[in-house]
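Chemist: Required output: the full structure, derived from the provided sequences and hints.
Number of protein chains: 2
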Amino acid sequence: MREDGGRRRSPRGARGGTRRFEALGPVDNPYPPLDILSPDALARIVDRAYRLLEEGGLEFRSARALGILKSHGADVDEPTQMVRFGRDLIQHFVGLAPAEFPVFARNPDRNTLMGGRRINFNTVGSPPNISDLTRGRRPGTYEDLCNLVKLNHALGVIHLAGGAVVEPLDLPVPTRHLDNVYAILRYTDRPVIARAVSRYRAEDAIRLVAIARGRSMENMAGEPSVLTSFNVNSPRRVDEELLDGLMCFCEFGQVNVVTPFTLAGAMAPVSLAGALVEQTAEALAIVAFTQMVRPGVPVVFGGFTSNVDMRSGAPAFGTPEYVKATLAGGQLARYFKLPYRSSNVNASNAVDAQSTYESAMSLFAVVMGHANMVHHGLGWLEGGLTASYEKTVIDAEMIRQWAECLKPIDVTDDELALDAIKEVAPGGHFFGSAHTLERYEKAFYQPMISDWRNFETWQEAGGKTATERAHEVWRRLLAEYEAPPIDPGVDEALQAYMSRRKPELMAMQG
Amino acid sequence: MREDGGRRRSPRGARGGTRRFEALGPVDNPYPPLDILSPDALARIVDRAYRLLEEGGLEFRSARALGILKSHGADVDEPTQMVRFGRDLIQHFVGLAPAEFPVFARNPDRNTLMGGRRINFNTVGSPPNISDLTRGRRPGTYEDLCNLVKLNHALGVIHLAGGAVVEPLDLPVPTRHLDNVYAILRYTDRPVIARAVSRYRAEDAIRLVAIARGRSMENMAGEPSVLTSFNVNSPRRVDEELLDGLMCFCEFGQVNVVTPFTLAGAMAPVSLAGALVEQTAEALAIVAFTQMVRPGVPVVFGGFTSNVDMRSGAPAFGTPEYVKATLAGGQLARYFKLPYRSSNVNASNAVDAQSTYESAMSLFAVVMGHANMVHHGLGWLEGGLTASYEKTVIDAEMIRQWAECLKPIDVTDDELALDAIKEVAPGGHFFGSAHTLERYEKAFYQPMISDWRNFETWQEAGGKTATERAHEVWRRLLAEYEAPPIDPGVDEALQAYMSRRKPELMAMQG
Chain A
343 MREDGGRRRS PRGARGGTRR FEALGPVDNP YPPLDILSPD ALARIVDRAY
393 RLLEEGGLEF RSARALGILK SHGADVDEPT QMVRFGRDLI QHFVGLAPAE
443 FPVFARNPDR NTLMGGRRIN FNTVGSPPNI SDLTRGRRPG TYEDLCNLVK
493 LNHALGVIHL AGGAVVEPLD LPVPTRHLDN VYAILRYTDR PVIARAVSRY
543 RAEDAIRLVA IARGRSMENM AGEPSVLTSF NVNSPRRVDE ELLDGLMCFC
593 EFGQVNVVTP FTLAGAMAPV SLAGALVEQT AEALAIVAFT QMVRPGVPVV
643 FGGFTSNVDM RSGAPAFGTP EYVKATLAGG QLARYFKLPY RSSNVNASNA
693 VDAQSTYESA MSLFAVVMGH ANMVHHGLGW LEGGLTASYE KTVIDAEMIR
743 QWAECLKPID VTDDELALDA IKEVAPGGHF FGSAHTLERY EKAFYQPMIS
793 DWRNFETWQE AGGKTATERA HEVWRRLLAE YEAPPIDPGV DEALQAYMSR
843 RKPELMAMQG
Chain B
343 MREDGGRRRS PRGARGGTRR FEALGPVDNP YPPLDILSPD ALARIVDRAY
393 RLLEEGGLEF RSARALGILK SHGADVDEPT QMVRFGRDLI QHFVGLAPAE
443 FPVFARNPDR NTLMGGRRIN FNTVGSPPNI SDLTRGRRPG TYEDLCNLVK
493 LNHALGVIHL AGGAVVEPLD LPVPTRHLDN VYAILRYTDR PVIARAVSRY
543 RAEDAIRLVA IARGRSMENM AGEPSVLTSF NVNSPRRVDE ELLDGLMCFC
593 EFGQVNVVTP FTLAGAMAPV SLAGALVEQT AEALAIVAFT QMVRPGVPVV
643 FGGFTSNVDM RSGAPAFGTP EYVKATLAGG QLARYFKLPY RSSNVNASNA
693 VDAQSTYESA MSLFAVVMGH ANMVHHGLGW LEGGLTASYE KTVIDAEMIR
743 QWAECLKPID VTDDELALDA IKEVAPGGHF FGSAHTLERY EKAFYQPMIS
793 DWRNFETWQE AGGKTATERA HEVWRRLLAE YEAPPIDPGV DEALQAYMSR
843 RKPELMAMQG
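Residue numbers (my numbering), protein chains in the order written: chain A, 343 to 852; chain B, 343 to 852.
One or more hints might be untrue.
Identical chains blur together in the list; that is why a pair holds if it fits in one copy or across any two.
Straight-line alpha carbon distances no greater than 30 angstroms define the calculated DSSO-like cross-link-like pairs of lysine-lysine that follow [claimed, not checked]:
1) 784 / 749
2) 679 / 749
3) 749 / 764
4) 679 / 844
5) 412 / 764
6) 679 / 764
Please keep in mind that the hints were generated in silico from the structure rather than gathered at the bench. A quick note: this is a predicted structure, and the numbers were derived from the prediction, not measured.
Modeler: What follows is the structure in structure tokens.
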């Protein structure tokens with residue numbers, strides 16, 4: 343047969359129907375990490391990050407944080423709120439953070455691990471807009487948020503869920519965070535990511551998760567169950583609201599995912615090495631600070647270095663620079679023995695080839711850089727300004743493909759198939775051989791949306807693109823969605839908490 | 343700044359214009375190869391491949407080949423044309439093949455290396471159909487073939503070119519191979535891939551390349567300048583026409599790229615390990631045979647194991663199985679100390695997200711499997727049944743991104759930018775800093791078709807997808823195409839050779 347394979351006509355017609363997708367289960371990476379920095383290059387980045395903390399420092403805009411920093415040996419300049427750290431101090435406190443830790447879900451079957459070789463995929467977080475193929479791009483609503491959580495649950499590839507999968511702009515700001523966490527707890531059963539800007543939002547999230555898990559706040563302190571993505575106001579500034587949320591998470595033993603957003607050419611130097619120095623310094627300072635607040639509290643080292651388009655100033659994602667920064671970030675996290683967070687990103691305005699190749703490059707870097715948490719794993723579009731239903735489905739397909747690639751090749755005698763090969767005559771084929779018939783149904787990865795039928799059959803069936811097929815998949819999955827079970831008493835308790843808190847919060851903001 | 347980056351409006355409007363693309367230059371892979379087989383798993387596959395050659399063997403449908411095999415110690419059963427090989431015999435002859443060798447182009451600046459860490463990208467080869475966004479899918483013509491060669495030349499990412507970039511179905515079969523090679527020699531300046539089914543086609547290709555390079559046929563023997571993809575008639579059969587071409591290439595010191603096409607579930611067992619056993623056995627037997635014909639002749643170990651869709655029997659490409667087989671194939675090639683050929687493939691019917699993620703997965707495997715030759719590097723669609731103008735451009739973008747990812751991160755003091763970071767106030771930005779202004783124009787990868795403008799600007803400019811932008815790029819590149827220089831005397835000699843041969847070939851076939 344020639345390389346083109348002589349495509350045959352499908353005997354089955356259109357695929358799909360009412361197929362359900364099994365949950366992916368834990369994904370552990372058997373491949374060695376791809377170290378793109380030489381030991382010397384790594385040492386130079388680490389040294390400059392230390393020097394930046396020693397000679398420049400970070401601005402902490404919180405009197406309470408400054409007090410903690412000062413009492414733990416940092417060099418605090420109170421008039422400017424600038425804090426400098428000796429490298430010994432950084433090494434000591436960063437060394438107190440665990441290299442890996444368990445993460446608890448309301449469904450214990452969904453508990454996971456943060457660190458080591460584990461990869462945890464998460465939904466997209468916080469885009470203000472939502473889009474789909476028929477209705478286009480529009481401001482996010484709470485209905486869209488709930489739908490995206492349901493869709494992610496049905497697609498079955500997430501290991502974590504949240505924060506605001508899309509921003510519910512139709513809900514009042516003071517109480518929105520309650521509804522966001524509730525949607526995660528109600529419509530899926532994975533560990534929760536919550537937005538934790540301000541202490542009250544952080545504490546509400548932890549209390550809701552404690553109710554869902556049937557745990558007291560004291561229990562929660564030893565059981566990391568809520569994570570929050572903590573962005574530094576790069577360069578080198580941390581606002582009070584952010585620090586308040588961070589300290590609350592530390593006090594209750596929950597997980598800050600410390601992620602400087604160091605866009606090279608904008609909030610960081612235009613050179614990749616410089617952006618990595620800044621990212622590393624900022625992350626180390628904040629990680630050290632979490633350990634001052636509560637020694638041993640779980641924390642994640644996050645990397646989010648990409649570049650801007652120097653012709654327009656627009657952020658670019660999934661670029662070669664993003665790939666290299668992501669791989670280097672993973673190497674730095676391993677150097678500091680911390681779990682690593684990265685993201686599945688792109689800057690495309692459409693669910694097209696660009697969004698796909700930028701995401702594919704991101705996922706390569708995420709997997710080979712040994713990210714333990716992949717935030718924005720599904721549905722991110724337009725540099726994070728939009729969550730897309732179709733992109734969510736396409737990302738699920740790409741993530742499932744990666745998970746399949748991480749399974750080893752089975753080389754048992756049956757699979758090596760020596761006798762089966764010898765039984766087929768030269769020039770023959772294996773379609774009807776016993777070895778094939780025994781295992782063909784489960785032999786290969788079954789795609790969600792890939793269409794491998796021949797051109798004529800595909801064309802007769804409407805000639806739909808992968809994005810159009812993704813549209814059909816999400817509509818079907820939402821129509822057939824079944825919520826994971828929840829104890830009615832727990833659901834009532836969650837709603838009661840919200841009913842009590844909402845008037846308080848409205849009054850507080852009023 | 344939040345993670346969504348607060349996208350700014352582009353001050354420049356639409357991008358592109360008359361930008362030219364510099365040739366990519368040699369691509370060397372600094373990353374360690376990704377070994378997905380444990381040493382034990384590798385040994386088991388190699389052992390079963392040897393056993394298949396010892397106990398089963400291959401059918402060689404050529405009396406001349408059988409004579410050569412017999413005289414070099416293979417166990418030839420003349421009535422059935424089955425040939426068995428002891429593993430010592432295989433090891434001895436495979437060991438004679440060079441681990442790497444130079445490849446010569448008509449433009450010496452385009453000479454390259456086959457082996458080691460070098461990656462050579464090639465055009466698509468042999469699809470019967472051509473497609474583009476406005477004219478759809480249609481049978482290939484010579485005009486399309488020439489246009490694709492020109493487009494590949496202008497895109498500047500190929501290191502090799504050919505065979506029939508699309509099948510020119512409007513040309514007579516007996517003489518088509520001459521026009522195919524001529525188009526490669528005339529419209530680009532890279533080393534030539536030629537189809538070499540039958541001795542006369544093989545020899546014509548070599549003679550045309552010798553003319554283009556100003557070399558005698560004796561000179562050519564020491565200067566590999568033509569490569570051909572040699573597909574086994576898997577399972578375990580090699581036809582006479584193929585062997586005639588292969589022996590001719592060996593005699594003139596040219597390069598057989600030995601590539602069993604072992605589609606698991608069709609021409610190979612449904613198990614990946616079994617398909618790899620068959621691929622390895624077939625490749626080893628043919629590589630050993632090349633060394634019997636001419637010891638030391640350059641040869642490439644090719645892998646083309648993918649799977650079929652077990653629901654339809656259609657071939658699938660760029661799947662997780664393809665990725666794993668490609669990585670394992672590279673590991674096997676390194677074990678046998680042979681250069682490795684793989685491919686950039688997909689089975690999509692449209693230039694959409696599916697064609698992109700399947701290609702992206704293929705390119706990951708190709709790069710991390712350390713393929714030295716990437717056949718079908720640009721433009722393959724629909725499992726190889728169609729060459730696409732738009733896919734050619736998108737693949738060029740993806741290949742350039744990969745090449746950029748393979749460049750190390752510069753960690754010189756200037757790039758580490760410690761002083762530049764310290765100069766920017768906390769919470770400030772780097773847009774106007776001296777460090778940025780000095781280097782922003784060349785700081786980052788410049789894409790061919792990625793559009794990073796904000797949604798509103800993109801929408802006002804027509805809201806074009808990446809595939810639509812690729813359409814614009816190829817039309818512009820063809821309109822602006824300039825052929826690489828060729829000595830008029832050489833061109834005349836090529837045309838004279840073809841004018842003499844064409845009547846001979848028509849008479850021979852008549």
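Chemist: When Cα atoms must be at most 30 angstroms apart, do residue 749 and residue 764 count as within-copy, between-copy, both, or neither?
Modeler: within (27 angstroms within a copy, 46 angstroms between copies)
Chemist: As a check of your reading, is residue 679 near residue 844 (CA-CA no more than 30 angstroms) within one copy, between copies, both or neither?
Modeler: The answer is neither: 41 angstroms in one copy and 69 angstroms across copies each exceed 30 angstroms.
Chemist: Within a copy, between copies, both or neither: where do residue 679 and residue 764 come within 30 angstroms Cα-Cα?
Modeler: between (51 angstroms within a copy, 27 angstroms between copies)
Chemist: Check residue 679 against residue 749 for me: Cα-Cα at most 30 angstroms, and say if that holds within a copy, between copies, both or neither.
Modeler: both (25 angstroms within a copy, 26 angstroms between copies)
Chemist: Is the C-alpha distance from residue 412 to residue 764 at most 30 angstroms within one copy, between copies, in both cases, or in neither?
Modeler: Intra 75 angstroms, inter 22 angstroms, cutoff 30 angstroms: inter-copy only.
Chemist: One pair to classify: residue 784 and residue 749, alpha carbons no more than 30 angstroms apart. Within, between, both, or neither?
Modeler: within (14 angstroms within a copy, 40 angstroms between copies)
Checked against the numbered hints given earlier, the structure breaks only hint 4 and satisfies all the rest.
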